[in-house]
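Asks: First to last, the sequence lines map onto chains A and B. Counting from 1, position 257 in the first sequence corresponds to residue 257 in my numbering; the numbering is continuous, with no gaps. Counting from 1, position 125 in the second sequence corresponds to residue 1125 in my numbering; the numbering is continuous, with no gaps.
A hint or two may mislead.
[Said to hold, decoys possible] Quick partial rundown of chain B residues pointing at chain A, CB under 8 Å, derived from the structure:
1) H1005
2) N1008
3) A1011
4) Y1017
5) Y1021
6) G1212
7) A1220
8) Q1224
[Stated by the list, open to error] Label pairs and their in silico Cβ distance ranges:
9) A:D147 / B:K1167: 51 to 61 Å
10) A:E536 / B:V1206: 33 to 43 Å
11) B:K1167 / A:E42: 33 to 43 Å
12) B:P1170 / A:A506: 32 to 42 Å
13) B:L1003 / A:D194: 54 to 64 Å
14) A:E42 / B:F1089: 27 to 37 Å
Hints in this document: simulated from the structure, not taken from any laboratory. We treat Cβ as the ideally placed atom computed from N, Cα and C, and that holds for glycine.
Spelled out, the chains give:
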Amino acid sequence: MWLDQADGFAEIFKGYLPYYLLVVFPIFIIMSPANPVAASHEFSVYRMQQYDLHTVPHGCRSASFNLEGRSLTSWSMSRHCVVARIQDITIDQFVEIRNKAGALLLVLPKNDTMLTDEQKEHIKLLEMAMMQQEISAPVYFAEWTPDFEDIIKDLQHSFITDDKSGTALEAMFNTVSSNGYQIVVSAPNPQKIDSKPVTIHGKLVGRSSTPQTIVIAAHYDSSSIIPELSNGADSNASGAVAVLELARIFSRLYSSVAVRGGPSLVFVLMSTGHSLNYFATKKWLEEQLDSSDASLLQDISFAMCLDSISSGPLTMHVSKPPKAGTPAQSMKSRLGVPLVHKKINLADELLAWHHERFSIRRMTAFTLSSLQSHKDPSRSTVLDTPSESSLKTLIANVQVTARALASHIYNLTDEENTEDSELFDDALTVDESSIRHWYKYLSSQSRAPQIITTTTNGGVSGALERALSRYMEVSLGAPGVDRREPEYALYAPTRALLYVYSVKPAVFDLILTLAIIAYLTLVYFVIQFFPKFYEEYAKVITGKVKIN
Amino acid sequence: MTLYHFGNCLALVYAPYHMAYKFSGISEYATFSKCVYAGGLYILTQLCKMLLLATFFPDSDNIQGGEYDIFLEILKATVDLADLLGLYFALNSIPGKGHAKILTAAIGWASAEVLVTRSILLWVGARGSEFDWRYVRSCAESNVALLQHASTAALVWLWTRSDLSRKHFPIVVTLLAISPYKSLIEEAIASIFSLSAWALLGLRTVHATAIGLTALAMYAVLAQQIGI
């Protein structure tokens, strides 16, 4: 019977097994994965922008960390990761965190539209301050979730501080009752990514024998502190949409010889804008002007750049006030917009407006924008999201621009009869649904340089190229960055997974051990006293004393 | 530190079982193999139960957000009556005096349960850097489970005795009959009074202690009667 053999088996258990276990158990522990359990919280987070411009580093330089989470008030050293809402952190606090803390995790607001104007202004200023210098600690942004709200509240009301608590008992109670959070991001080290900025241009050939050319340009990328969330509705989806719409209107006019205008029109869409110093524009101009068979940009009448035109009435920005009688002056008077004059400052790190790239090459150029100053923080913010009212403004501004351009091209004056004016209106109506569609499409996704200049033959660039090619012949240029002395460099990763582990301080395990030892001692004495207890109990139950 | 925490949990689970085995006097009977045998019976019983559940009951784990079907839960708990059968076989195959029989079967049964249901959870859970009171609680719960199984084993043993006094018989049968539903009842009470997990553990302890004391009283009477 195997049961009899089982006793021999038991002998093996008693004799040798403990010693085998001593060997096997550590091997087992070493072999099993270090962190077998998934964290209770797992979030998708976005890394802060990181790029070099003319080899000057900007943004966050590292990606992974494994640190203890603390609130804005309780952090104290480089082993802490500060967790806060983006609207709570002040610029002074950020500067201190940049210098001393180990990492920073900012939670975006739950809903953009719920923010007050002051909060929006604060976030924009904070973004500017954050981008100004490089920061060596990893900085991440997370979208709002109820879990994050709980974690932030927990951290704010946590008892874990480095100050000495009142009494030992109090300190012990604190360690048992409070929750700590270990925040872990394991991402690859930031790497330069291959970036090929695309320039899309197309030409409508004019009637006149003297080839006058008007350039209409806009960049279609966006910039903000979070590459993955740069929707850039105003800056500069609006400009790109306007270029597409103007291309549509004028391609209709230029399609029949009878109503074709005098000057040729060149429509250009660039994939790097103000954040990368209009690099694509610079390369495109070099290519068009310096090559031997340059015919596209001969005799430029003026270059009109469209930048952020959906937040209010337009303003014309120039680097040199236009003289009377020049085409630029004619455009200004036809648009009826105020003029802002700002000289080009080559000592600045960034050019102020898109037209300055053209002005440097001695072309007459101006930028139309709703913004009054190139320093406006709303040009590069995560809060630049689409809205119905901006769409309305955009449509109105496109209408104004189209009319002004047409009246300049056909050299119309105000003394028109009403019949002509109606014809003109009919030819120049903007297609609201098309504008709406493109505005929604462009502003529904992130168009940071990291994203649009690294995907080839697709994405936003591909869509824009196909759209423009419906109206004219389109050619596409993708100049590379200088290998030895790169004008700019972009870095990935732009997103990562963040794990939050709830942990207890190290002392807690010691206290737990003490508690378990106390409990086991109690169990030991209960078992030891059980026979005595049984006797008494039996006496009570049966009313008799046990005989034996 | 997490391995240390695992050690803590392991001590909390293992030490009471070890002490119950060593200091209750049954180790003198050289009954380790019997404990293993009872454990084997436990695993066999669970396999049979799983077979039954898988064959005759709808797969409710994959239905998300479905209504809590109380009738189905009761039916499922009824399958746990097989545990009593398994305990009965375990008791039958163990020679010796009443209390040795009961303790051996209970310890073997409960150890097998801990090994099968909790060891993986502990190994995976308590060693992670994530801290959760759940693991400590689960360890403490396994101690209560030992008490519970001991009292159930005692009741089964009492039920097998033909010399059990007539007025005790209905009590034994009632307690045995409700024993499969004990966790259902406890959870129902906890959800009615919205008790925390720790309070539920306390409730389980009180419940197990009460049943244990009742069984002990009847055992005492019977032991008096037959003179062991």
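Asks: So which of the earlier hints does this model not fit?
Replies: Hints 4, 5, 6, 10, 11, 12, 13 and 14 are the ones this structure does not satisfy, whereas the remaining hints hold.
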